[in-house]
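Mind docking chain B on chain A? Use the hints.
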Amino acid sequence: MTFHPQPQAGQPKPWAFPAPDRSTLPNGLTVLTCHRPGQKVVAAEVSLAAPLAAEPDGLDGVATIMARAFSEGTDKHSAEEFAAELERAGATLDAHADHPGVRLSLEVPASRLAKGLGLLADALRAPAFPDSEVERLVGNRLDEIPHELANPGRRAAMALSADLFPATDRASRPRQGTEDTIKRIDAAAVRAFYEAHVRPATATAVIVGDLEGVDLGAIIADTLGAWTGNTAEPKPLPPVTADDHGRVVIVDRPGAVQTQLLIGRIGPDRHDRVWPAQVLGTYCLGGTLTSRLDRVLREEKGYTYGVRAFAQVLRSNADGTGAAMLAISGSVATEVTGPALEDTWTVLRTLAAEGLTDAERDVAVQNLVGVAPLKYETAAAVADTLADQVEQGLPDDYQAQQYARLAETGTVEATAAVVNAFPVDRLVTVLVGDAAQIEEPVRALGIGEVRVIKGV
Amino acid sequence: MGQTATPQAGSGGLTATEHRLSNGLRLILSEDHLTPVAAVCLWYDVGSRHESEDRTGLAHLFEHLMFQGSAQVKGNGHFELVQGAGGSLNGTTSFERTNYFETMPTHQLELALWLEADRMGSLLEALDQENLDNQRDVVKNERRQRYDNVPYGTAFEKLTAMVFPEGHPYHHTPIGSMEHLSAATLEDAQAFFRTYYAPSNAVLAVVGDIDPEQTLAWVEKYFGSIPNHEGKQPPRDGSLPDVLGAEQRVVIEEEVPSRALMAAYRLPEDGTREADAADLALTALGGGESSRLYNRLIRRDRLAVGAGFGMLRLAGAPSLGWLDVKASGGVEIPDIEAAVDEELKRFAEEGPSPEELERAQAQLEREWLDRLATVGGRADELCRYAVLFGDPQLALSATERILSITAEEVQAVAKERLRPDNRAALVYEPTEPSESTEDENEEGADQ
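Protein chains in written order, with full-length UniProt numbering: chain A, 1 to 456; chain B, 1 to 447.
Just so you know, these hints were derived from the structure itself, not from any lab. Treat the hints with care, as some may be off.
[Stated by the list, open to error] Label-pair restraints from in silico Cβ distances: (1) B:Gln190 / A:Pro441: 32 to 40 Å; (2) A:Arg22 / B:His33: 27 to 35 Å; (3) A:Val452 / B:Phe389: 49 to 57 Å; (4) A:Glu148 / B:Lys158: 17 to 25 Å; (5) B:Glu254 / A:Gly320: 42 to 50 Å; (6) A:Gly320 / B:Lys158: 51 to 59 Å; (7) B:Arg302 / A:Ala126: 19 to 27 Å.
A virtual CB, placed ideally from N, CA and C, is assigned to each residue, including glycine.
One chain only, chain A, in its complex shape (with noise of 0.2 Å):
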């Protein structure tokens, strides 16, 4: 074979992150829309100033029972229908509850937008919650919790979680319920909820693909723009604080052949200006697999199959009281629980004593600003994102402005950030594994008291 040289790359061509028109329909309801020609599947987003926050008392998972209830029918149809009227457009509708809001994601082809939109607004504008598809509802619910717990991912973020937050803070318990909360939600619990929190004066709709030949306007207009209620104004979210001295707490999990890991405490959001900072360090930790903690873990050890460090925003305020769940995650082998915690916390007070190097920074810039035009390439990606920029109170530009950002970011500013939001004595480590095995090597290590909780 002839080998030739690495062959230097082209000229860029200009990409920007997609600027969607804004409006606001006369019932209250905020609009944006974005024409992203060739995607023919259209995808449109509403979010539901609705909060789990907003959760009355004792009733923590009635915003995940009215989302999940909203394809149960509405004025028009049963709820068989409406599911089957749905699948007929060849139409997806999810619904999902968090800390920010209710959102509802529908994916159509743009052929049938018109008959997509329809059934999603009328799910919004009359909802007909009834009372036996509730109390089903509930009982799936309920049934899928054993299911949860049993997941070594879904297990550890709940541990975190209950440890990290307030027992007071709704961000403390599972987003969806207990078993003891979700008994009590009923079709009567649905509806105050809908009534006090689901209006389109609160509520934002974005809508992205290929637009062209479709009156949008008209179909808007007579589907969201139906929809009716009051315009009073939602209450803003609440702080978020965390208690992040460093500890170990371990979930039992007798015979498991890994034990996941999550490592985790808060730090900044979107509006921190430190955030593309953040971004850009956090990814030089643990964003793939060459990165530092994978290097590692991965590459050197093969102690997993992989290792991640991540920002999530939790719930974001435009007065920056909010906050970013921030953490590392993956799992190991049982039998090298200690050695890769050890090696875990040497990356980063190795990273903490030495910094980034300008090669990492580099590398890292050139990734996350590079891969955006594939990152949005499909209408559901884009429409993902100006819509948590709605929930987050962020300008409709922001993403378009944090690549700018991330590229005036130096490794100086990259450094301070990842090793402030991970500093190595304020991290709350969640292990679900064999207690048995893992308890010792890890009392070992002295990153914190441990604690060993009863798996289920």
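This is chain B only, laid out in the frame that chain A set:
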């Protein structure tokens, strides 16, 4: 030997041209200038079906080794260079093929071609015992994370082994066994490369914002001098009777969160109208919230927390129809089974209603549009049809074929295949959480 680039009806305006290098490498090009990105996808016609029975998992382990460097690419350079160029990448291994793919910003396309050519031509220059040992451990952890440490995680492996008998090339799944992963040697990996990683055993697709002439020139430049090598044997014969002949059933007592009924059915091979008809039947029966099983098991009888059908399309052996029902608290498996059997029987007797067929076709059509929405998805489908069926153009008319299937065809396949005597069933009965502190995993001592 370019082919015509006129769009076919139903292809959504997409076209593809085909070329072949003198060393046998097949190339497919498809232009789309809407976004400044280009996908490179390389399918090698080798999967777990080509493995010998004492080296299961070798194709997948080998896929990992493809990211460990080659003559001009040091260490993790493949990942570093692609990601540093703003690209994304990965590789996957299935029963029937191994694929490698990069999506790049347009101006970095040439780099991806250079990288793929370097490892196709010179992987063995960098492959050593240290890489093998490290990636063996990584793959064992992949197995633990995805299968062994997850409730019901080994169901797929167990059912596959029931549907495809001992000695059949699809009897084992691509992840392989811990024992065989431990046994794989450097010589095994070298021989695997020499046998299967030949230009004539691969199809390369480049899709997106490309200049076809320039791209063809780059492919000639980087791949054209890689010598071809023959020696690949066809995989063992995968043909089997259409139906199992008698129900197979295994009861598993394990620490799982709820009872479950999982089952696999032998279905027609991919690439046939019957396979498309089977896909529609499974969609109508268990493909969504208006499906018969959802309405019966979840909505009306409230027997299950989740119930659905999926299809694993296979070209060299019967495809698999995949049933997964997780019981609602306290519900017994015979009640679930009776309801499932009744729904399948009724469907076989009456076929889909016009509305059901319309819904199932609309769902599968949207799934196709989703797959073709990215240049990477399109490149993968073009490779799939080229490798498995010899004609990439078939990817562009797949939707049309789905929409041409009749209710009679759907009913016929349901009648012939979705029968109790064509089912391998796995019944999960939960046990109490174990208090034992023993590690029952036999590979635990390896590390």
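*Within 27 to 35 Å or not, the Cβ separation of A:Arg22 and B:His33?*
The hint (27 to 35 Å, Cβ to Cβ) holds, given that A:Arg22 and B:His33 are roughly 28 Å apart.
*asked:* If I claimed the Cβ atoms of A:Glu148 and B:Lys158 lie 17 to 25 Å apart, would that claim hold in this structure?
replied: 24 Å, holds
*Honestly, do A:Gly320 and B:Lys158 meet the 51 to 59 Å range at C-beta?*
53 Å, holds
*Does 32 to 40 Å hold as the CB distance between B:Gln190 and A:Pro441, or does it fail?*
Holds, at about 37 Å.
*Range hint compliance [Cβ, B:Glu254 to A:Gly320, 42 to 50 Å]*: Check passed, 49 Å falls within 42 to 50 Å.
*Would you say the C-beta atoms of A:Val452 and B:Phe389 sit inside 49 to 57 Å of each other?*
Cβ of A:Val452 to Cβ of B:Phe389: about 55 Å, so the range 49 to 57 Å holds.
*Take the C-beta atom of B:Arg302 and the C-beta atom of A:Ala126, compute their distance, and say whether it sits inside 19 to 27 Å.*
26 Å, holds
The structure is consistent with each of the numbered hints, conforming to all of them.
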